[in-house]
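Protein chains in written order, with the numbering used here: chain S, 1 to 373; chain L, 1 to 373; chain W, 1 to 373; chain Z, 1 to 373.
You may find that some hints are simply not true.
Because identical chains cannot be distinguished in the list, a pair is counted as satisfied if it fits within a single copy or across any two copies.
What the hints assert, rightly or not - Simulated pairs of lysine-lysine, BS3-like, Cα-Cα distance not exceeding 30 angstroms:
#, residue 1, residue 2
1, K66, K167
2, K203, K47
3, K327, K275
4, K192, K149
5, K275, K313
6, K149, K327
7, K275, K66
Hints in this document: simulated from the structure, not taken from any laboratory.
Number of protein chains: 4
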Amino acid sequence: MSFNTFGHLFRFTSFGESHGAAIGCVVDGCPPRIPLEAAEIQVHLDKRRPGQSRFTTQRQEPDAVKIMSGVFSDDRTGGQVTTGTPIMLLIENVDQRSKDYSDIRDKYRPGHAGYTYDVKYGVQDYRGGGRASARETAARVAAGAIARKIVPGLSVRGALVQMGPHKIDRSRWDWNEVDNNPFFCPDPVQAKFFESYLDGVRKSGSSVGAVIEVVAEGVPAGLGAPVYAKLDAELAAALMGINAVKGVEIGDGFDTAIMAGEDNADEMRIGNDNKPVFLSNHAGGILGGISTGQAIVARFAVKPTSSILNPRKTVDRYGNDTEVVTKGRHDPCVGIRAVPIGEAMVACVLADHYLMHRAQVGEGTAWPFAPGR
Amino acid sequence: MSFNTFGHLFRFTSFGESHGAAIGCVVDGCPPRIPLEAAEIQVHLDKRRPGQSRFTTQRQEPDAVKIMSGVFSDDRTGGQVTTGTPIMLLIENVDQRSKDYSDIRDKYRPGHAGYTYDVKYGVQDYRGGGRASARETAARVAAGAIARKIVPGLSVRGALVQMGPHKIDRSRWDWNEVDNNPFFCPDPVQAKFFESYLDGVRKSGSSVGAVIEVVAEGVPAGLGAPVYAKLDAELAAALMGINAVKGVEIGDGFDTAIMAGEDNADEMRIGNDNKPVFLSNHAGGILGGISTGQAIVARFAVKPTSSILNPRKTVDRYGNDTEVVTKGRHDPCVGIRAVPIGEAMVACVLADHYLMHRAQVGEGTAWPFAPGR
Amino acid sequence: MSFNTFGHLFRFTSFGESHGAAIGCVVDGCPPRIPLEAAEIQVHLDKRRPGQSRFTTQRQEPDAVKIMSGVFSDDRTGGQVTTGTPIMLLIENVDQRSKDYSDIRDKYRPGHAGYTYDVKYGVQDYRGGGRASARETAARVAAGAIARKIVPGLSVRGALVQMGPHKIDRSRWDWNEVDNNPFFCPDPVQAKFFESYLDGVRKSGSSVGAVIEVVAEGVPAGLGAPVYAKLDAELAAALMGINAVKGVEIGDGFDTAIMAGEDNADEMRIGNDNKPVFLSNHAGGILGGISTGQAIVARFAVKPTSSILNPRKTVDRYGNDTEVVTKGRHDPCVGIRAVPIGEAMVACVLADHYLMHRAQVGEGTAWPFAPGR
Amino acid sequence: MSFNTFGHLFRFTSFGESHGAAIGCVVDGCPPRIPLEAAEIQVHLDKRRPGQSRFTTQRQEPDAVKIMSGVFSDDRTGGQVTTGTPIMLLIENVDQRSKDYSDIRDKYRPGHAGYTYDVKYGVQDYRGGGRASARETAARVAAGAIARKIVPGLSVRGALVQMGPHKIDRSRWDWNEVDNNPFFCPDPVQAKFFESYLDGVRKSGSSVGAVIEVVAEGVPAGLGAPVYAKLDAELAAALMGINAVKGVEIGDGFDTAIMAGEDNADEMRIGNDNKPVFLSNHAGGILGGISTGQAIVARFAVKPTSSILNPRKTVDRYGNDTEVVTKGRHDPCVGIRAVPIGEAMVACVLADHYLMHRAQVGEGTAWPFAPGR
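I would like the entire structure built from these sequences, with the hints used as guidance.
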């Protein structure tokens, strides 16, 4: 993880600005001979794509991905497969609406990265947020679509579990509902409520935050590279690195602070297949930075969009007090579109650690359930 | 951050097990000609050191650090200084109490890393937790003591702000109180209460979690390497990678999810010295993954120690159901000793990014407050 | 340096196959506010471009580079400048001549990477050498063009100093001659001879090797990161990693093995500007892995193209003995086009270490010529 | 490879100065459950150890290595094994002879790293060369001893093939002779000659260079990570990074420059076991940066020690012309002791790439000798 490259062995390097010619990434380290078609990537990009409901920005971007390298197909491969060489994924920008940027060119919008990019680099492509735009996350979703194919049997799913102060009712959790509403919400009742709630937020020119939960199932036990590339540490970096994220939890997260030791620790029993089973999952599938084999559960908080219609106090680039209003196309709740992004980042971390584990320990299980080992 | 190395340019590699000969680390990439005496490191180790009150484990470890390389002193250097070469810090283990490990040798303690280390590696030094022991964190504190000296004017301080369900009263926050109680608690009233509360927990054979807050002041604006080595992403990894941590927040953290956009974004004004000032700090000093120049505020949740006296259901290494009781010396609230560790990790991230920023942008400020730039 | 990424801080990740849609790279870590136009990159690509004389492959590739991200221009920047974000450089493949690959599809050409790619990955894009094609080196030349702009005052020049058994006469070395012949040869007399010599090689259907020398002037003293990122070690990797390179030397290289200690060590004197000068440069500008301030001199040997018209014994993919003839468009001496590639790799290493040095030591010189330091 | 860490997945970080308390390294990423005793490391250190004949420095260092972490032994492991955690190897310095350094403290010895370390860092531990001393290479040999155990069936052997201008006669090559003379020379006749030759060099107060060849057998085909972590590029960095090395070759190296294409490319035939065999090994076991399965052959040139008794012109730290004579204990031919070091570096690169390959491609062979793949 350095600069614009994510990952150790399964790694991707992203590029592009919101209003430049294109965005995309180079995925490196992917195992060879994995079947891969652009359509498999596109399905995930389509979930993140803006302009699909009145609750996300009205920018119209098809986000059509092209695989520019790293795959091959002939009559011996039986369809297009990865070759082990870098996979370049290109997404051309289409709707870089020509607009007047004179306002935000020189004024810093509170809560935006424009100020810090300018302080750091002394120059920035301010159009639409430039490199700091959430548009960059399309590259992550594309890379994540490849990552999903690396760990056999892996399933990574995300859901919005809170919008503003309103949490879902977990007793109504139904994964099938996630695709039935524009919020990726697993609780159909609360999803209905979110419609009117977010309409109100949107019409008032304001915005609101959210909490997203990502669950990974089918994760083999043993993934993680202690002590400083612990699986939970890497997930925390992956999720905190998503635009606008301000908090990350694994398992019971901050609630563990109020728990007693005997309530927090997940007890074990031998299951029907003679493998250990856990009687609960407060740990969120990770102990000591290594996966337990249970579902990995991570949550992250997304702050409200700072691009709002209400005027805010700020300064300009030349040292003057001023006010700013954001007029562009924006999301009243950016947390919604963070769901497929969170899934992608979790998938990338797991694929990376799957390869890291295979490197150090090999493919055979190290599982110790045998006397004499 | 990979395996046992932390950091990009300012990096340390730690080694050692709880009951082995020694623990320590090699600090690499440290700038040359920084005055450095072992005593400066020892002062931080002493804060983390066990056995200082009845509220931490009774293991007696002096944690005396030796600088084995990377420093030099002659009449031209005016005292011992770093040379730019690797600094090896050695802490010998003293109190590896000889005890009977037959119980935990084969039984997995719920909530412990023993199970996952065994699943991953097929072997482990189980004595006292081996490599997964919190003892490893002494190496982090030692490295952090050096990191603190790299960023001019940097101050990194931590405090315990919640124990179990009991939060401190922030209106009583007094940094001077932190060293006046065994909890690193900045609220003297709550600190008093924690004494009796934790005595009760301890005597009941149970344990309890905590929340720690770390505040870094004097951080230059502009630190952070977007997009995948964002300052907040790196802090999240650093803190989530501390033993027993299950959640991390920057600034208002999870509370931002319930905020409206206009309440969350920190407004700006030009201050008396013609530099921008922020009117609030919901962002915790980071925007777009880059420091704003405000105080950086991070919080993390520490789960309750899973080593408790009460018997728990578990399995053994050979596939049998069984029960386990942890008899060793343990902390009723491991969160307490996490305070100096959290400080150290934050200091290491900031030192690392100070060097990373200097590499890419140079020493002169890129600050744009001048017409024509 | 891992997989398809080169460099630590100034780093580029290349992608693309010989006969795919495009090749290119993402340059990351570039300092901001460096003026950069595509034409500055194109001039170097044009030197490497095939089909410019009868002595290089007749493939017709314009190698037109597009800067797809990482630059910005408005009335405040005074022309296009880098922004500190990833610079994606795209070179579309134009002349992927449709041909019959049935022969090389299944037969391994001796001396080619086709065999090892197949053994490693079990699949490959064999068209034109795929990822192992020298075509990938265009990405290096493009990245190198940016690297050249990072170290102030840096000049990196290369020359062909030997073709087959024929060395140049160093007493006739004239940098101005390098661009006056199709061989990048600094000796005009030998360049004339090379014409007829290589014509003979070409017409005989054979090929021949070469030795290239790269000289970097204006390198500040102090660059290099001992012990395992020594400047010479990194140059060795950079040059040995160019296709078909089998040997690398710094300074007097293998000749130092036959020298006596007093002949090899470069003596020093204080020069007119009170700075030390060296009385010779056997070391090639590097001592202990750190630049001395003298010119850095590196040489590398390029093996003869293995793609030749004469039939060779080989095996096919299915375990049968067979023969193979390479019919495609090829270079009779690939070493020629290695000159701009060698320059690029040296420039990238120096830019990278310039940033690495600035990170650890800062911008001020650490030069100790002052009593009391 | 950065600063003082070598390797990607199998990596070691070395520390220590020539006349400090200790030297050593932390080996990270080693697979678990590999039997490992200190004695297995010691046998290689003993080969590199100084003071074993009149042809190496008379410094008396036992170079006794202690394994401080990362191994475990109980009745289930059947002897001491690696645990997958960091292995710290400690070698205490014993013979840091107290001497008068006033001469070299301020004067730069021509050909030494003292000048460049001072220019870079502004300070250095000059005693015995400090960090730039060949003493650091003991850490490499120790790490290499572990690396040798990672690749099943791997054999890495080195030999001195040239001293000064005198090459060995390859027709007399006998690996068994290497341990029968103080030069690691496989040609017993030439070894005899070297005795008198080097005695003459030593008595004249001069020094001489050498060429070392390292041969690795049992290397699986398919190792190497193109394009920028090619196996040959990594070997080049590993060997060029050894103190005093100025040139590196793979296979026929610089001789390939004078070869014709048909002479250089190694032809293939199907062998008796239905696996491909090569009819020659000009490539030195590597094509396209990936191992072919043949023996890997690398050579490197070691310059003559610059520490000689004859006075040399130089400057001092304060800007004055002066002369310097090196009086300490030194090697008349440092190339001799470079043999075990070269072996170690090659073993480390191969172990690293063995793990890297396993990560990306898995343990099963990707060998394509089957119709339909």
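Hints, verified against the model:
1. For a Cα distance limit of 30 angstroms, the shortest separation of K66 from K167 qualifies neither inside one copy, at 38 angstroms, nor across copies, at 48 angstroms.
2. In this assembly of identical chains, the alpha carbons of K203 and K47 lie at most 30 angstroms apart only when taken from the same copy (24 angstroms versus 53 angstroms across copies).
3. Within a single copy, K327 and K275 get their C-alpha atoms only as close as 57 angstroms, which misses the 30 angstroms cut-off; across copies the closest is 27 angstroms, which meets it.
4. Within a single copy, K192 and K149 get their C-alpha atoms no closer than 33 angstroms, and across copies no closer than 54 angstroms, so neither meets the 30 angstroms cut-off.
5. Taking CA atoms no more than 30 angstroms apart as the test, K275 paired with K313 passes between copies only; the shortest distance there is 15 angstroms, against 60 angstroms inside one copy.
6. Proximity of K149 and K327 under a CA criterion of 30 angstroms is satisfied in neither setting, with 40 angstroms inside one chain copy and 38 angstroms between copies.
7. Taking identical chains as interchangeable, the C-alpha atoms of K275 and K66 are never at most 30 angstroms apart, the minima being 43 angstroms within one chain and 39 angstroms between chains.
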